Amino acid sequence: MAGPSIMDSLFQRSLDDLIKGLRLHVAGGVPAFISKALDEIRREIKSTDLQMKATALQKLTYLRSLHGIDDSWAAFHAVEVAASPRFHHKRIGYLAASQSFHAATDVALLLTNQIRKDLGSANEFEVSLALECLSVICTPDLARDLTPDIFTLLSSSKTLVRKKAISTVFRVFIEYPDAVRVCFKRLVDNLESSDVQTVSTVIGVFCELASRDPRSYLPMAPEFYKILVDCKNNWVLIKVLKIFGNLAPLEPRLANRIVEPICEHMKRTGAKSLLFECIKTVVTCLSDHESAVALAVSKIKEFLVDDDPNLKYLGLQALAVAAPRHLWAVEEHKDVMIKSLSDEDPNIKIEALRLVMAMVSEDNVVDISKVLISYALKSDPDFSNLILGSILSTCGRNYYEIVNDFDWYVSLLGEMARIPHCQKGEEIESQLIDIGMRVKDVRPELLRVGRDLLIDPALLGNTFLHSILSAAAWISGEYVEFSRNPMELLEALLQPRTNLLPPSTRSVYIQSVFKVLTFCLHFESKTIETDVLSNSEVNEEINTRVSILSMINCVKSGLVPLMGTHDVEVQERARNVLGFVDLVEEELETSEVLMLLHDAFSEELGPISLNTQLNVYVPDGITLKENLQDLDSIYGDISSFSIGKPLSSEMNSHNNNSISESEPSTESTSLLAEHRKKHGLFYLAQEKNDTASTDYPPANESKLVDDREDLMKLATQSLGQKRKPIQVKPRPFVVKLDGDETATVASSERGEAKNDLVSDAVRDVLLGHEASSTSSRGQMSIKSKNRSHGKERQQKKGEESTNVNGRRKNRNKTRKKADGSVSVAAQTGVIPDFLL
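Numbering-wise, the sequence shown is residues 1 to 836 according to the numbering used here.
These are computed hints drawn from the structure, not numbers from a lab. Fair warning: there could be bad hints in the mix.
Okay, derived cross-link-like pairs now, DSBU-like style, lysine-lysine, Cα gap no bigger than 30 Å in a straight line [stated by the list, open to error]: (1) Lys-334 - Lys-242; (2) Lys-301 - Lys-267; (3) Lys-232 - Lys-242; (4) Lys-378 - Lys-334; (5) Lys-280 - Lys-301; (6) Lys-299 - Lys-280; (7) Lys-301 - Lys-272; (8) Lys-334 - Lys-370; (9) Lys-301 - Lys-378; (10) Lys-185 - Lys-232; (11) Lys-301 - Lys-242; (12) Lys-36 - Lys-46.
Here are the simulated distance ranges between beta carbons [said to hold, decoys possible]: (13) Lys-158 - Glu-332: 24 to 30 Å; (14) Tyr-62 - Arg-86: 15 to 21 Å; (15) Val-229 - Glu-401: 45 to 51 Å; (16) Phe-87 - Arg-212: 34 to 40 Å; (17) Arg-497 - Glu-585: 25 to 31 Å.
Since this is a predicted model, take the numbers as computed values, not measurements. Cβ coordinates follow ideal geometry from the N, Cα and C atoms, glycine included.
Assemble the whole structure, with the sequences as input and the hints as a guide.
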């Protein structure tokens, strides 16, 4: 390939020129400019001149970073530039490889020799480039091949190289766990380095490793404890505290040992970052030490009263960490939390809201909800909806376990719908319907709330409340028997402004009209059935007929315009109701039709268990299949019964049997009777014996208080500790079915550690199992190679046991030579003596 011309080299567009060109084309034409630039880069990157190739690769890396241009096609050119002897070119090549190489990049293996060469360079900056690139693109093959070089650099005399090698070894461990057996001892030796930066880097690596499987690093507790006591660097101490936060729950003696140094740091340090980490460690891992917890809570107050919003946020976060185990600490600072609900910083408001919700109990849920609703009325839309969502999730937790007064809660749900910018329609809809089905005696109040929502015309134009109106319409139709004025419900369901609702909601409205009309006609028609009437009863009958006619006229005037609507479901339901009205007008003198329809809607709806289908008994010998392909063979004796056959074949067989179309066919009825007789076990019983489903618990009477006191005074009183009131009535029992609690019960046990190969290797090194595991592997290899030679196999086993005994003796000698300090290579599964 011919070299570049002088003109090409002199007038090549640099990275600065590319950036200026992009800025000039910001108003328009950026894609065209990038396309032109890519054509230039493709041409320039093929050049034999390394300077031109490096410049082209640099421009391509910039376009990938900012504009997402695919540069995988230039992977080989990145390797070429990284191999350049010039440091400037090498930096461009490694940067391009770091950004574009991944596990599936084939040419990544070509960098192995170049990285090894640079790792052995006398220039520490070249070594740093190679280590940085390896830490990003490391693969199992690269880690395996370069582990010896990393091992050498861990004891480098150059601080920069040693720090970056320590950082890189973490990625090497993850990709190639066997590297632990080579590098771990030298990594631990760096904990005793006199350089604080090196110790900080090593602690950072152990902090990440311990977060994966803390139990494997318990034998290293003495080394970490020494750093906790002696180190003066705040960032190193923060990482050590994170490590002990993972180790302390696993070993109670360790918690007893570290509590005193942590308290000393809390008392003496002026660094807020270290103080916050100490507080976090105490409230999460040292909960049994009351003095330490009290000190931590007192230090939290310093954050809360600070004028800096960042420190105030950290104080609220510290309270949130302490809340699960020390709720009293949250109650002590309730005034600060209430003030924080109106803070300008949205993060502070959100954290304060979480703390307030953590204090909610069955004794104060009414008062706290009243305070939060007051804040929601004057807050911005986002925070207002966050408050509503918090109330809904907290009160609805575990099927309303903290709600004692369901009349109050149903009224509260109605108030939420009227809060400006309310966007929690689906959650409110779900809870309104669920409460109606689970608690029987709350239905009168529920109907009143639904009626108030239906007759409020201002709610129809809010798209976020359409689901709430759908629930209100369903409640009005399902529980109409609790209404004092059903005619008012009909008028509300048929008001002209309902055309603002979506078709799905209007369908629910029409169905509720059908239910209300059926109930009213059945109730009003009872007086017509009387045989002998007095004068007053005659007048009452006339009034009844007038009332029925007025209802029918109201329904007609509201539903006739819907017969021409474009929505199929709305049109079909309207026609069904109007057809029923015509039938009622013809059969007004009798009530048989009304009785039948009333009975159809008289059965109460209740909650359904999630495990209902699982409770169906499957007889022995029955194999349930997902498809019904073999059903034809089972019912082969019934010629007209088929599954999956075309309609034409069905009609042909029907014609061949010479069955007249004019005669009424009873074939389907006989087949159904035969199938019921043959498989009666799988049919539901026709007699209703479901009395348990209607046994709903009563709700308490409403306890709403309309006090207009000052918000802060009310909040202080609400969140204060109060004596538990004496219940006049027991707490209502909410209907719960089998399978409901499975969705709400959370496991409190700590999950088992992941089967991490790195942790297994670390455990082997710390507990001294490496020799035995090596001998085990050697024994297996000997057995596989000499399976057919008895004498040789016995001889090999003898030598193997001799070697193992020798290694054990050496290991015991190593333990005898150890002084008071902890020897990592000779650790056992028991925590060292410093914890006793």
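Results of checking the hints against the structure:
{"no.": "1", "hint": "Lys-334 - Lys-242", "result": "holds (29 Å)"}
{"no.": "2", "hint": "Lys-301 - Lys-267", "result": "holds (14 Å)"}
{"no.": "3", "hint": "Lys-232 - Lys-242", "result": "holds (16 Å)"}
{"no.": "4", "hint": "Lys-378 - Lys-334", "result": "holds (20 Å)"}
{"no.": "5", "hint": "Lys-280 - Lys-301", "result": "holds (14 Å)"}
{"no.": "6", "hint": "Lys-299 - Lys-280", "result": "holds (11 Å)"}
{"no.": "7", "hint": "Lys-301 - Lys-272", "result": "holds (12 Å)"}
{"no.": "8", "hint": "Lys-334 - Lys-370", "result": "holds (16 Å)"}
{"no.": "9", "hint": "Lys-301 - Lys-378", "result": "holds (28 Å)"}
{"no.": "10", "hint": "Lys-185 - Lys-232", "result": "holds (25 Å)"}
{"no.": "11", "hint": "Lys-301 - Lys-242", "result": "holds (22 Å)"}
{"no.": "12", "hint": "Lys-36 - Lys-46", "result": "holds (16 Å)"}
{"no.": "13", "hint": "Lys-158 - Glu-332: 24 to 30 Å", "result": "violated (53 Å)"}
{"no.": "14", "hint": "Tyr-62 - Arg-86: 15 to 21 Å", "result": "holds (20 Å)"}
{"no.": "15", "hint": "Val-229 - Glu-401: 45 to 51 Å", "result": "holds (47 Å)"}
{"no.": "16", "hint": "Phe-87 - Arg-212: 34 to 40 Å", "result": "holds (36 Å)"}
{"no.": "17", "hint": "Arg-497 - Glu-585: 25 to 31 Å", "result": "holds (28 Å)"}
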